[in-house]
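Student: The residues making up each chain are set out below.
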Amino acid sequence: MENEGKKRIWSEYQKEIADDHYFYVRSCIRQSFFPGSEQFFLNFLRNDLGKDVFENPSHTTCTGIGYHGDIVPLSTIMTVVARHFALMKESGYKNIAISCVTSFGIYTELIETWKHFPDELEKTREYLYKATGREFDIPENMAHSSDIIYKFRNEIAARSKNLLVNKKTGEPLIVVEHIGCHYSKMFPKYGVGGAEFPRVLSGMIEAWGGEVVDYPERRHCCGFGFRQYLVQANRGYSLSNTAKKFSSMKPYKPDFVITNCPGCNMFMDKWQYTIKEMEGTTYGVDDESIPVLTYEEVAGLVLGYNPWDLGLQFHMVQSEPLLKKMGIEFDKENKYKTKDGRQMPIPQNLINA
Amino acid sequence: MQFDPFVIPFNIGLYFILIYAVTRSVIWFRELSRPDKLRLQRGFFGKAFGQSLMEIFLESLIHRKILKKNLRIGYMHMSLAFGWFLLILFGTLEVDIFGASHLNAPYKAIFFKFFNPDHGQTPFEAGYSFLMDLILAFILSGLLLAIIKRFSSKAVGMKKTTRLKTLDKVALTSLWLIFPSRLIAESLTSGAYGTGSFLTGTLGSWLASFLSANEVAYPFWWLYSLSLGTFFVLLPLTRYLHIPTELFLIFMRNSGISTGDKTGAFSEVEVHSCSSCGICIDQCQLSFSAGINNIQSAYLMKAIRNNADTYDIAHNCLLCGRCDRACPVGIELSPIRMIQRRAGESETKYTNTWKGYFRNKHSVSVQKQNTKSIYDFLPESNPDKADILYFAGCMTHLTPSIKIAMTRIMNASGLKWSFIDEKGGVCCGRPLMLAGQDKEARELINFNSQIIWKTGAHTLVTSCPICYKVFKESYYLDVEVLHHTQFIKNCIDEDLVKMNFIHKKVTYHSPCELGRNSGIYDEPREVLKHVANLETTGFEDENSLCCGGSLGNIILSQAKKRQIATDVAAELTKKNPDYLATACPLCKKTLAPVTKSRVADISEIVAEAIVLPVIKKNTERYKKPVRESAGIA
Amino acid sequence: MPDMIGNVVVVGGGTAGMEAAGQLAKAGLSVTLIEKENDLGGHLKEWYHLFPDRRPGDEVLNYLKNQIIHDNIKLLTGNSVGGFQKKGNDFILNTSNGEVIKADAVLLTTGFDLFKSERKEEYGYGIYDNVISSADLEMMFREKELRLKNGEKPGKIGIVHCVGSRDEKVGNIYCSKLCCVTAVKQAIELKETLRDCKVFCFYMDMRMGGALYEEMYRDAQEKYGIGFIRGKVSEVGINISNKLIIKVEDTLAGRPLKMELDMLVLMAGMEMSAGGTKLAEAGKLKTGENRFFAPADNHLGSNQSNIKGLFYAGTCTAPMNVTETISHARGAVADIINYLKNNEK
Amino acid sequence: MYKFGFSLTKARVINYESNDRSIVDFILEREPSLNLCIECGGCSATCTTGNYTNFSLREIHILLKRGENEQVRDKIKQCMLCGKCSLVCPRGVNTRNVVFLAKQAFQKFTGHAV
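Residue numbers (the numbering used here), protein chains in the order written: chain X, 30 to 382; chain Y, 115 to 747; chain F, 18 to 362; chain D, 4 to 117.
In short, the hints are calculated from the structure, not lab data.
No residue lacks a Cβ here, since even glycine has one placed at the ideal position from N, Cα and C.
Take a look, some chain Y residues computed to stay more than 12 angstroms from chain D by CB distance:
id, residue
1, F199
2, F265
3, F653
Taking lysine-lysine and the BS3-like style, the derived pairs with C-alpha atoms no more than 30 angstroms apart in a straight line are:
id, chain 1, residue 1, chain 2, residue 2
4, F, K186, X, K214
5, F, K133, F, K186
6, X, K218, X, K273
7, X, K35, F, K166
8, X, K36, F, K249
9, Y, K463, D, K111
10, X, K305, X, K364
11, Y, K475, Y, K283
12, X, K273, D, K13
13, X, K273, F, K173
14, F, K275, X, K305
Interface residues of chain Y toward chain D, partial, derived using beta-carbon atoms under 8 angstroms:
id, residue
15, F491
16, L558
17, I668
Start from the sequences and build out the full structure, keeping to the hints where you can.
Tutor: Below, the structure is given as structure tokens:
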């Protein structure tokens, strides 16, 4: 019953995802905290699938964090986003691929706003023109980069070197999918599978042999919550949300968490460390913590990329236990070495190391 | 030396009960508090002694109160008690006069006929035995009633009768057997010797006509002695213990000992003086209106005697005090009930020992009360000075008509008064007391006392009898506490307020807390008489009913309360009056919804009748011409 | 009374349609009753017991069935009306079976559709086992098979009011009016079937306006100890032991509440029937904000449409219970007779 | 344990399963009329105590039913048992007995007097 029901819902939320010629906009958090992910994405699309992905070096942050942190006014962010669209127009692209879910949320929100309040759109055009002399069009197709990986999930499965299966037992790995709130909760129609039972990540996991679990707090926020986090005194609130989520998923003994939002990934990863430090609580089996990976990293592992090239070592929670389960070889030596073999400083008190 | 083995059972019984009585009374005396001991001693050697003897004669033997309440029941008790007393008295005299020697062992008196079978030959003897037969007949007639009562209580004019436990049944049968067996035994003996008077003689000669009387008589003498013996031995375990206990009760009461608020010797004596006559059951409105028949005082006494759980019995009661007034033994039933409600706090408990012949007292550790104040949230208040305070009370705030009426009356009286809880006050504490939570109540009492004290008032008027009772009894204030009916009465006497006579028919419902529980009957009635035509209801004063809304009962469901109220309203409005007057906001609130006729507080009726003094307008002012300077200069 | 000339087409063989057809026939008019399904009765045939007296739905259904056994009535089941034209005073209706019927007056009794609970995705109807709709539960009662998917007896059951009503997220701002009392009725029946199960109703407002409804509510509390929690269930999930976990705010405690349930019953609201909507579009019939047919006059013409000679009855104009539907149908009959007799046409 | 300058906060959610409802069960067994409450708040509005503090019988009733006993235990003792509430209750709940029983229940189950 469950699956038919979900299929029915998914069929109602079919999203048009462009097949080629993407204008790529990066994510502040993703590129600075787990740079391997975006690297993989570009490399995979360009070299493995031979798609055309264009990046304009002069594109900036969408200022979403500032906007949700109540320090960037609406008109400003509209103009910034408009500028991105202008850059896209100038480079002759119509399909935008967005790396960050916060940005994705901002883009959808603004586009919807412009639909309902056309004079806002006019104002924005005016602001942008006055500020930069640029003009812009609203993209024809807008996809989050996880949508694109979802689109090519079967290609990935076809090229897979190691599936999401426990090599020893042959059992599928238990995976918790976490969708960033801003991906589809605001506008379900923009997300693959809608808001209640999103398909984008669970689709990938199923295609790659893993098993997704539905747990009571599945829909719950990761705890980032922007302003709640930005003020130190309020961080307890942010932390408590994460704790709530993890204690709810703990009984399912998940092997890893997959996220499509850089913010979520960062918080679910680093808050595990914080909670362990504060209360000594861990949520994985036998006192380990649960690795939190981006869909790019997971895809990379499936395709047999080197974990260190994917940048798994830059997470707070280390993935060695997971890699062992999947039977992926890795050498400890090169974990913190640069491509040209230089030794990087080795971070202290990592988890699961 | 006249002796026969069959007297042994009787003797055993007799001496047993005598010894028991002595020890028991010694124990009770020891348990009395020191002041009570003194009271009792003073009472014993004072004029109280005479009173007590008188009362014992009237109540324990004649059963006057019961006779008043219910002739047949009264007669039953009297015939048994008084009759038996006479039998023993004259029996003793008999054996003294006609017996071989003087100062005989008691059994000689009891079994006189057996040892002096040929007694009754001379006319004088015949006359005497006629008297004895008369007494016996008197007793038997009562016995007959008793038996009938047991099997159909209606027959003796009682709705309900008390239920019995097995031991009581055994004792009862032995009691019942005593006199019939004596009758038959004596008759047979007299039959054999041709003696005996109209009862024993006739029955005897008839029996002797067809059976050899002498042989048959002997077993009946045994039976007689046996039943006496058993009855005596069982007595302490049964409700019949009330017979001897009541004597102590009377002495103690007349020496000025009262129940108090803790279990003690006196309450013990009271509990054991209950004869389970069941009169309280018929008085109880829960019984005849709400159909609840297991919580009446008789059952409470029984439960306490058997150390049963008294929670429901103790709490499911309106505390209207009707049973207190009705109790022929004069047991202070409500105070004893309140002791049971306080059970959580009471230190002394009893348990039956020695097969229940004795109860020994032992103190139980009280639950640790948290010492810090519960009502510390109550604000500091600084009321204005006033001579007279008006405290409406919680309930009155739900019947604004009374507040308005009282304000009108107060103003009309022209006295300097202040409405102390106009903006909502603090509960007087009585409801907590009724729930057995005196400690909490005390906190509220202190709080209110402070406010009252600060105003420096000399009089405190309240509209709520519940408040009135507690102000009067549990507040230590040097102010005169008045219920508004009393206040109004004073106003009338001192001619402070003028009133018209409203030509309306009024019946009066006397609130329990004001009437029975505080003894205020006259003022309300006189006030009503002063302003309207007061009709009687047949439920005056002591006999007045409870509206059913009483805060005394915390368990009773709203539905049952309504049931009671409906019956009461129906009774009181039989003469369909224009007003059903009461003097309690709670009664008003309870009765108003269940009757067609208008329910009003006395104060409302009075307020309606008040004639306000006409204020003369000073018309001169208007005539004066306006001074120039007043205009533009 | 002399037979009247006139053929009336009644569209929809539910409660309203059957009652109206019966009454019209009795009045001597010739009636054509068109029902899209093969058997008559509409929603009534799914209903186990009716409120407030919990009389078996079949009793009423049988009354209606007898009602329409009449020579003046022509039955067209398994047949629906695509559209119609009005030529002069005559209506020409063409049915799905290609028949063309001429009528002097038309009565639309197209009834309602039950709100599709799937549309409240967060409740997981059709996704989680043991999340069922009020209609499903009625069926269970009819079949005397009150079981969970795994065959066990439910120990703890939740009932969600206002599913698809008073909810602009699904585009229905109106109150379906019957869900509250249905919830109470079903809660009571649940308790009667499974003595020792716990039942909780999650409501926004208890709207027990109808005759004897409040009394039922009181019984539910007093005799059956059913729990009433004020708050709209916001999401449903499952836990590791495969029990339903609901999240709701207990608005009276002012705190969010999390509860574990074996079964969740969704009180689906009433919506304008698809058939009705089709006809409205085809025939330019006025509909209200709630998408039901808009009567010509809310007080004086609740059976009349914006087209002379075309009438409405029953739940195609607004949510109604059986009682109201039947009287509304009778009202329509009076209007039609008046229209035909006094040749207002 | 390391200090970060912030800490985990306890969730406000009422967890129906894990809460202890022995108190309310004790009350309901002896005073079933409590089931009739429709949360109209009449009792709280007329309450003598409520006039001075945030004591609310309506709230207490709901918290008891959810098994949120701690809050109730500290509040229940503030009641003065004056009985106004039972006079205004439209559903005939014997509110006085509810409070009275609640006090007992807490003594019985939590062992300390309230």
